[in-house]
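K.L.:
What follows is the residue order along each chain.
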Amino acid sequence: MTFNIIVLAKQVPDTRNVGKDAMKADGTVNRAALPAIFNPEDLNALEQALEIKDQYPGSKITVLTMGPGRAADILREGLFRGADDGVLLTDRAFAGADTLATSYALSMAIRKIGNFDIIISGRQAIDGDTAQVGPQVAEKLGIPQITYAEEILNIGNGKVRVKRRLENGVEIVESPLPAVVTVNGSARACRPRNAKLLQKYKHAKTITERQNENIDYIDIYSSRPYLNLTEWSVVDVDADVKQCGLSGSPTKVKKIENVVFQAKESKRLTDNDYDIEELVKELIENHMIG
Amino acid sequence: MNNIFVYLEIDEGVVADVSLELLTKGRSLANQLGCKLEAIAAGDKLDSIEKQVFPYGVDVLHVFYDSRLSPYTTLPHTSILVNLFKQEKPQICLMGATIIGRDLGPRVSSALGSGLTADCTSLEIGNHEEKKLGKVYENLLYQIRPAFGGNIVAWIVNPDHRPQMATVREGVMKKEIYDANYKGETVEHTVNDYVKDTDFVVSIIDRHIEKSKINIKNSPIIVSGGYGVGSKENFQLLYELADLLGAEVGASRAAVDAGFAEHERQIGQTGLTVHPKVYIACGISGQIQHIAGMQDSSLIISINSDPNAPINSIADYVITGEIEKVIPKMIKYYKKNSK
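Just so you know, the sequences run in chain order A and B.
In terms of my numbering, the first sequence opens at residue 1 and continues consecutively.
In terms of my numbering, the second sequence opens at residue 1 and continues consecutively.
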């Protein structure tokens, strides 16, 4: 028995790492200073996929991401850890997508990949924390979803059994395949990069990367087809442009306010009631707590 | 038509607090917009739902009674909302940002092609101008939420799609009886008109209560204690504050060595490295080994009786005082100001 597994992943700015270096003088975040990483819960999802492959050798894992050209970095990261293939969905027409337009685009790419048994993704991405894309992809594909998964317990005979993490307990559910499973951060951490795979896939590149980098050893891409990362545009996945990007997004951002922190000089407070209440009020107002 | 709908989360016949909080918010939005507040109850044991929700100002309660609808599974509840909304055309739909709401909301929004904003911290009514189109939308729902790890606050609107959907976490909105004698109308629906048998393909094999593991690393707020906390008993104050803030409790090595806290909570060079949004250091002097594990926190608050504790130099706020005095006051003023 083998399975075709699609892992949905996102490259995100490391918002957990907003240290003092990433703060601008006006107290706002310097987004450019944040490193771009493989969304943490998507790594938990990849691990669940790799465990299926461990158990059923010959299973195939395709990592699918939507983003700008540099998001190919996380496809390579996936290959280094044991995935078999990477697909980058990239097009200007995808820019400004909210979760619904993103889900539409991903679902079209998934249809194009075709022949899948299970789709696994992280529960949510740390830049938006919405947890919406997994369920919306499932709806677009018309297949069941299992969210907040902590472990895929078993898969086979057209079914998947999953342990979910609820607010105050766990639930074991069984769904027919194909299905979308979204994985929690409380699931097992992803295995590290494998040195052999790192060697093997070091030069894996998308067509755009190959064109831009003017590589001398270009021949290797025809002799080693596994080094070709798939790159698809709106047209490649037969998507309706009106349902993509900004125009396909029912939600619009009206405005953005930066959360401004106090100056870095320590503010000295006493333990009297007035000081403590003012501090607590300020923290609530700045959305730091509450 | 064009009313506000709240999806009720029901466990063993009891409506969840988050749903009552949303009814309270929904009632005030409905008053502002001059429309009705409607609620949806799907499951079994629904006899006392009317009694529970009418005092919050519900005008219409939609009841879907079927034992297959409890406990919650995604597909049948989605079908109920999607088909009900196609008939009723609500302008706003609110649900809890709980595991159920965050499972159900996106599925419903995708099926209806309407926008959904997760984890709103504030909901307001206002106008919106699309300058490019030269068009002004009146009385939209402003869905206000932190994003980007809490570093920005975004105001989201859904100009052209209905319902405008939002989820809100428990405890963010106030829960308040509107009128103890308020009487709404109950509409009982035939469940089979809304759901298909194929909606029941996912089955629940088992459910049980199980404590989750300590998850300090991913916690946005950490209340951390050092040797200066003084005792295991005093550490309880930290847990109390942490529970209230949805935070985790961390500890310095000295506190762990003294037996005040478990080893899994240790933060520092030989423990965990954390970078939460808020780090509240209680009775921690600030040895280098501890600082190394938490200095990248976005905001550091130090509570220490020693005004010259080394940690104070990297803290954004320094409260000079005893833990036993300061933490109960923080708890008191958080409770007073958070709702």
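If you're looking for bench data, these hints aren't it; they were derived computationally from the structure.
Given the structure is predicted, the values throughout are model-derived calculations rather than measurements.
For glycine and all other residues, C-beta sits at the position ideal for the given N, C-alpha and C.
Any given hint could be a false lead.
[Stated by the list, open to error] DMTMM-like cross-link-like pairs, simulated, lysine to aspartate or glutamate; straight-line CA separation at most 20 Å:
{"hint": "1", "chain 1": "A", "residue 1": "60", "chain 2": "A", "residue 2": "47"}
{"hint": "2", "chain 1": "B", "residue 1": "175", "chain 2": "B", "residue 2": "59"}
{"hint": "3", "chain 1": "A", "residue 1": "255", "chain 2": "B", "residue 2": "129"}
{"hint": "4", "chain 1": "B", "residue 1": "335", "chain 2": "A", "residue 2": "285"}
{"hint": "5", "chain 1": "B", "residue 1": "332", "chain 2": "A", "residue 2": "275"}
{"hint": "6", "chain 1": "B", "residue 1": "332", "chain 2": "A", "residue 2": "14"}
{"hint": "7", "chain 1": "B", "residue 1": "336", "chain 2": "A", "residue 2": "240"}
{"hint": "8", "chain 1": "B", "residue 1": "335", "chain 2": "A", "residue 2": "273"}
{"hint": "9", "chain 1": "B", "residue 1": "217", "chain 2": "A", "residue 2": "278"}
{"hint": "10", "chain 1": "A", "residue 1": "255", "chain 2": "B", "residue 2": "130"}
{"hint": "11", "chain 1": "A", "residue 1": "254", "chain 2": "B", "residue 2": "322"}
{"hint": "12", "chain 1": "A", "residue 1": "112", "chain 2": "A", "residue 2": "129"}
{"hint": "13", "chain 1": "B", "residue 1": "336", "chain 2": "A", "residue 2": "271"}
{"hint": "14", "chain 1": "A", "residue 1": "267", "chain 2": "B", "residue 2": "322"}
{"hint": "15", "chain 1": "A", "residue 1": "281", "chain 2": "B", "residue 2": "130"}
{"hint": "16", "chain 1": "A", "residue 1": "255", "chain 2": "B", "residue 2": "197"}
{"hint": "17", "chain 1": "A", "residue 1": "112", "chain 2": "A", "residue 2": "240"}
{"hint": "18", "chain 1": "B", "residue 1": "335", "chain 2": "A", "residue 2": "277"}
{"hint": "19", "chain 1": "B", "residue 1": "329", "chain 2": "A", "residue 2": "47"}
{"hint": "20", "chain 1": "B", "residue 1": "89", "chain 2": "B", "residue 2": "59"}
{"hint": "21", "chain 1": "A", "residue 1": "252", "chain 2": "B", "residue 2": "130"}
{"hint": "22", "chain 1": "A", "residue 1": "254", "chain 2": "B", "residue 2": "240"}
{"hint": "23", "chain 1": "A", "residue 1": "159", "chain 2": "B", "residue 2": "129"}
{"hint": "24", "chain 1": "A", "residue 1": "252", "chain 2": "B", "residue 2": "129"}
[Unchecked claim] Some chain B residues near chain A, calculated using beta-carbon distances under 10 Å:
{"hint": "25", "residue": "121"}
{"hint": "26", "residue": "125"}
{"hint": "27", "residue": "146"}
{"hint": "28", "residue": "180"}
{"hint": "29", "residue": "182"}
K.L.:
Holds or violated: residue 332(B) and residue 275(A), Cα atoms, limit 20 Å.
P.N.:
holds (13 Å)
K.L.:
Within a Cα-Cα threshold of 20 Å, do residue 255(A) and residue 197(B) meet the stated pairing?
P.N.:
violated (44 Å)
K.L.:
Do the numbers back the hint for residue 125(B), that is, is its least Cβ distance to chain A under 10 Å?
P.N.:
violated (13 Å)
K.L.:
Would the pair residue 332(B) and residue 14(A) pass a check requiring their Cα atoms to be no farther apart than 20 Å?
P.N.:
Violated: residue 332(B) and residue 14(A) sit about 34 Å apart, past 20 Å.
K.L.:
Does residue 273(A) sit within 20 Å of residue 335(B), going by the straight-line distance between their CA atoms?
P.N.:
holds (14 Å)
K.L.:
Need the status of pair residue 267(A), residue 322(B): alpha-carbon distance at most 20 Å?
P.N.:
holds (17 Å)
K.L.:
Verify the interface restraint on residue 121(B): the C-beta must sit less than 10 Å from at least one C-beta of chain A.
P.N.:
holds (6 Å)
K.L.:
Is the hinted pair residue 335(B) and residue 285(A) satisfied, with a Cα-Cα distance of at most 20 Å?
P.N.:
Holds, because 14 Å separates the two Cα atoms, which is no more than 20 Å.
K.L.:
Hint residue 146(B) vs chain A: min CB-CB distance below 10 Å?
P.N.:
holds (5 Å)
K.L.:
Hey, residue 252(A) versus residue 129(B), does the alpha-carbon distance stay inside 20 Å?
P.N.:
holds (11 Å)
K.L.:
Keeping to a limit of 20 Å between CA atoms, is the pair of residue 335(B) and residue 277(A) held or broken?
P.N.:
holds (11 Å)
K.L.:
Regarding the pair residue 281(A) and residue 130(B), is the alpha-carbon distance no greater than 20 Å?
P.N.:
violated (34 Å)
Hints 6, 7, 9, 11, 12, 15, 16, 19, 22, 23, 26, 28 and 29, counting from the list given before, are not met by this structure.
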